[in-house]
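J.: Here the protein sequences come in this chain order: A and B. Going by this note's numbering, the first residue of the first sequence is number 525, and it counts up by one from there. Going by this note's numbering, the first residue of the second sequence is number 45, and it counts up by one from there.
No lab work stands behind these hints: they were computed from the structure. For every residue, glycine included, the Cβ atom is placed at its ideal position computed from N, Cα and C. Do not rely on the hints blindly, as some may be mistaken.
[As the list claims (entries may be wrong)] FRET-style restraints, in silico, Cβ to Cβ:
#: 1; chain 1: A; residue 1: ILE586; chain 2: B; residue 2: GLU322; range: 33 to 39 Å
#: 2; chain 1: A; residue 1: ALA669; chain 2: B; residue 2: GLU214; range: 37 to 43 Å
#: 3; chain 1: A; residue 1: ALA655; chain 2: B; residue 2: GLU213; range: 25 to 31 Å
#: 4; chain 1: A; residue 1: ALA828; chain 2: B; residue 2: PHE342; range: 46 to 52 Å
#: 5; chain 1: B; residue 1: ARG163; chain 2: A; residue 2: LYS715; range: 28 to 34 Å
#: 6; chain 1: B; residue 1: ARG321; chain 2: A; residue 2: VAL721; range: 53 to 59 Å
#: 7; chain 1: B; residue 1: ARG338; chain 2: A; residue 2: LYS715; range: 37 to 43 Å
#: 8; chain 1: A; residue 1: ASP527; chain 2: B; residue 2: PHE342; range: 37 to 43 Å
#: 9; chain 1: A; residue 1: ASP840; chain 2: B; residue 2: GLY164; range: 56 to 62 Å
#: 10; chain 1: B; residue 1: ARG163; chain 2: A; residue 2: GLY652; range: 57 to 63 Å
#: 11; chain 1: B; residue 1: ALA226; chain 2: A; residue 2: GLU771; range: 55 to 61 Å
#: 12; chain 1: B; residue 1: GLY164; chain 2: A; residue 2: ARG531; range: 54 to 60 Å
#: 13; chain 1: B; residue 1: GLU214; chain 2: A; residue 2: ILE586; range: 50 to 56 Å
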Amino acid sequence: MSDVLSRIAYRKAVALALAEELERDINVFLIGEDIGKPGGVFKATDGLYKQFGASRIFDTPIAEQAIIGCAIGAAATGLRPVAEIMFADFAGVCYDQIANQLAKFRYQTGGQVAMPVTIRLANGGGIGFGAQHSQTVENWFLNHAGLIICAPSTPADLYGILKSAIRSDNPVLVFEHKGLYEDRGDIEVGKLVPLGVASVVRTGTDVTLVASQLMRKRCAEASEILAGTGIDVELVDPRTILPIDTETVFKSVKKTGRLICVQESPGPGSWGESLVASSATNLFEYFKSPPRTLSSELTPVPFAKSLEHQWSPSVDRIVTEIQKIVAT
Amino acid sequence: MILTRIFENYSEKLYKDGFIRGGLHLANGQEAVTTGVCSLLSLSDTLTCTYRGHGALIAKGSRIDKLFGELLGRENGICKGKGGSMHLTDFSVGVLGSFAVVGAHLPISAGAAFTAKYRGTKDVNVTFFGDGSTNIGAFHETLNMSAVWKLPIVFVCENNLWGEYSPIEETTSTVNLVERGASYGIWSEQVDGNDVLAVREVAKAAISHARSGAGPAFIEAVTYRQKGHSARVDVGRPKEEVDAWMLRDPIIKFERVLLLNGISQADLDNVRNEVDREVSEAVEIAKLWPEPSRAALFEDVVV
Chain A
525 MSDVLSRIAY RKAVALALAE ELERDINVFL IGEDIGKPGG VFKATDGLYK
575 QFGASRIFDT PIAEQAIIGC AIGAAATGLR PVAEIMFADF AGVCYDQIAN
625 QLAKFRYQTG GQVAMPVTIR LANGGGIGFG AQHSQTVENW FLNHAGLIIC
675 APSTPADLYG ILKSAIRSDN PVLVFEHKGL YEDRGDIEVG KLVPLGVASV
725 VRTGTDVTLV ASQLMRKRCA EASEILAGTG IDVELVDPRT ILPIDTETVF
775 KSVKKTGRLI CVQESPGPGS WGESLVASSA TNLFEYFKSP PRTLSSELTP
825 VPFAKSLEHQ WSPSVDRIVT EIQKIVAT
Chain B
45 MILTRIFENY SEKLYKDGFI RGGLHLANGQ EAVTTGVCSL LSLSDTLTCT
95 YRGHGALIAK GSRIDKLFGE LLGRENGICK GKGGSMHLTD FSVGVLGSFA
145 VVGAHLPISA GAAFTAKYRG TKDVNVTFFG DGSTNIGAFH ETLNMSAVWK
195 LPIVFVCENN LWGEYSPIEE TTSTVNLVER GASYGIWSEQ VDGNDVLAVR
245 EVAKAAISHA RSGAGPAFIE AVTYRQKGHS ARVDVGRPKE EVDAWMLRDP
295 IIKFERVLLL NGISQADLDN VRNEVDREVS EAVEIAKLWP EPSRAALFED
345 VVV
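Excised from the complex, chain B in its bound form (with noise of 0.2 Å):
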């Protein structure tokens, strides 16, 4: 969680200061789902993302100066520069992609799922994505094909409560989405996006319910984002929200459960400044790779 907070937060900077191009979706606030789920799959298991997907890929094992050098758009970036935050991809730790079109990866996501049993491997997928997809077509075709096929695939709804500048209550017919896992027949838990702990119970049995063979699963996680959508503008949330939501942060709520059972508070600095140390030099690593060459842009068009 500590790692995804901090290096969200050097990416913001980066693209204040002008060096990341385009869009950049922060997850600050969401790293207990991420986290949390992540820490039960074993590295043949695949993952599939949305563009704020920094942190799964992170929760997942990816370089962290890799997935910079994609930001900053250079030649040795985890996708070669071709692809960007929005895109971030790592095969080698099973991520078989970010997806910046909302709800597209999740037929993606069942057809990895599809292999494994097609293989017969144990091997499970998990798909994040926003209460905004839940809206949209692919999702709810793709819940009803896994749910008819029982694809061993683990569905993880990072409700955020904001669909880009929309809040949900305004877009979504329901709020809890919950219920549209259930609709399917699909086995479905409602969770505390924001406590890491619960998060990774939930996913437990998520997880070994999809890897028996019984089928799909359905985690809706409740969460909130604290920065605004993209980081180039913050719009409609009101204060307040963004305020009470602070107060419920998921790096503070653990660490609150650590200093409990005996951790300390040095402790907890001395995380907090080693990872700082570690983001801080793979931002200056990256930083010192070219962009790619005009060769690279006609490679990998086709094999």
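Isolated chain A (complex conformation) (with noise of 0.2 Å):
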């Protein structure tokens, strides 16, 4: 029986997880802004350099392109490199070393060569960090095949997958949202969460939620409120952006004949838009209602908390959507 650890927050968990991999091969290796000695400006690797030294652990100039593109050929070379992105939003900086670069590195040589890449990036709103600093990256890199990416929701998740990712021969973007930090949750020692296999969060009869991050805390809430009255949600964390577990949601969906997916950001090119796509090709006739997105609007991320709050769906919105959805 492994040791458990209880009540871990979701910013420890990041630590835990490098902690542990960094102990177990020597080939992995952080890099990234203020990540050691500062210990991160969320403090997500805190502590990790005090253990690991500057041998390990490597502050950048302010140069996405470079942290990136070193990673890169630190990984074609034989290394294991864990880079950091600051805010996801910084993304847009590097955007070609990720999505040009490493991506198609493995396809574009033949496969001459692995990509064990994993970039972490602080992704998500509702802090107050304005438009730059609160998007919801994951769907920038949607059709990029060559990389996998994850949105854990819960501390253990975001262990376990930031271990398999390090572990992964292919690049994995792992967003972090920033909003959960301080959440907390047990964490299994040793305990790997698979790349690509979806968490049905709880069960029910009446609608399928799809949400991750934030959205998912949310919707786990709208559900506990219509439990009271008499709707059965059932809610499904996809953990793994891309490549997206259908099999699981359309599991769910073909007992439920509903689906919701909620989502942190606009609709246009999301991943909750192509599985509400994907569902309506493959599973047409198991629908009592249109499948559906419930989204972010479309401008950017507002800074006042009056306008933020209103602007990604609040735990009332999806509430409302339920019922429509299921009185339908």
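Two chains, each in its own frame: build the complex with the hints.
T.: Structure follows, in structure tokens:
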């Protein structure tokens, strides 16, 4: 029976997973801005520099192309880098390195080399960072074959996915939600979470909700509220966004006949809309009501509290949407 | 040098005859840079280059039939026909890739140099890039980080005076690109990139500097591409300029040195003929290889 650590913060799950992987494999190293001595701007890597030192943890200039490029070159020559992009939005600065270089490296060299690169990115909003520091960036990369994209929601999932990502020979983007860093949960030491596998968070029979990170949390709350009114929600957390686990989602939809993808991002080009499209294509005859997304507004993320709270789907809006779909 | 030149001439013919698809960027005139530098590298040293990179792979020791196979999009090509001329890659000789997003390979090269330092080997990485790359952000990010971390990397700027179809003086704040290396506190030297012996001398110093752990080195090799930016079109360059540089052809220049040192014209002709036969045979072998099957479409996306 392995050890269970109780009430570990989502933030702390990062350092736990990284410490274990750094300990396990000398080829693993960390690279990013202020991740060493300062412990990361979100304190996700706090304590690791003290434990592993400057030979394993590398503070970089503010230079995202150099960070990701260096990780690619290091991986091509046998190391297993874990790079941090401080705010996921800064992926825009190194978009070429991720989308053109990292994602395609193995393919266009005819499989000459693997790309065991893990990139951690602080994702999402809700805490007043404005339009350039609050986005859910996972959707930017959806159609870049070669990448694996994860958006874990709980400390145990984040811990297990990070460990799997580092051990994977493929490039994995792991999005950590900034608004969840203080959330706590139990972690079973050493337990990996497989990439590409969704988790059924709550079973139900009336409607399937698919949501990750902050939206998963709000969906869980909405489901609790509705449980008292006789509406039985099944909540699926995809955990990996690319490739998304359609098998688990489709199984759920076949049971409930209703699907809402709830997401903290505008709809166009999102995993939610892709999932609705593929569900409609494959499961048309199972639907009692048209599948849909509940997305954020198609605007930049606003700064003011009153505006930001209206931007993404709130618990109230999720409740209303569920009531509407169940009534049809 | 002569192998690269003849390889490029055959490539151009294959392109014009419709055997090669997409882009083809010939390195005629720039052979002294890749040859001079790579003559000093060992197998475990790594290298990256640009989409005008055939010469770098040849100089590092790649099999030319596999290179032609890739140019022709055949399943036995060096990248199984998935990369093409702009992405020639050969890990078996330490070539991590040819890169066609200008400047994007510089940070990747720094990563290879990082591995050498991380593991405490004495390997260096050499990265070839054009004058155009020195205007892009990735170049500056890489020079700075490499200098700060004292990475064993040799930056080799193949300054051929033209960025695609624009002359350097219209796009670049200094034509002395060696200044850009020096401005980051990096050991930097300028050299006649059409003089293979001069290139070799400077490269020797640069590589030994990087190998010693003293940090990166930067070479600006001033050269000229005798062909257009791509084999598809050649516009912009004044005829007088091209003619003047043709007189400074690196192969003719080196042949003069050889003739002065007791090599006969007949010897030179023999080498040329022998290389021509070797290249011609490689082309014929590559032409016989099949195109990739549908299954290859889905292979190597992920492990």
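J.: Does each hint hold? Answer for all of them.
T.: Here is how each hint holds up against the structure:
no.	hint	in the structure
1	A/ILE586 to B/GLU322: 33 to 39 Å	violated (50 Å)
2	A/ALA669 to B/GLU214: 37 to 43 Å	holds (38 Å)
3	A/ALA655 to B/GLU213: 25 to 31 Å	violated (40 Å)
4	A/ALA828 to B/PHE342: 46 to 52 Å	holds (48 Å)
5	B/ARG163 to A/LYS715: 28 to 34 Å	holds (31 Å)
6	B/ARG321 to A/VAL721: 53 to 59 Å	holds (57 Å)
7	B/ARG338 to A/LYS715: 37 to 43 Å	holds (40 Å)
8	A/ASP527 to B/PHE342: 37 to 43 Å	holds (41 Å)
9	A/ASP840 to B/GLY164: 56 to 62 Å	holds (59 Å)
10	B/ARG163 to A/GLY652: 57 to 63 Å	violated (44 Å)
11	B/ALA226 to A/GLU771: 55 to 61 Å	holds (58 Å)
12	B/GLY164 to A/ARG531: 54 to 60 Å	violated (42 Å)
13	B/GLU214 to A/ILE586: 50 to 56 Å	violated (31 Å)
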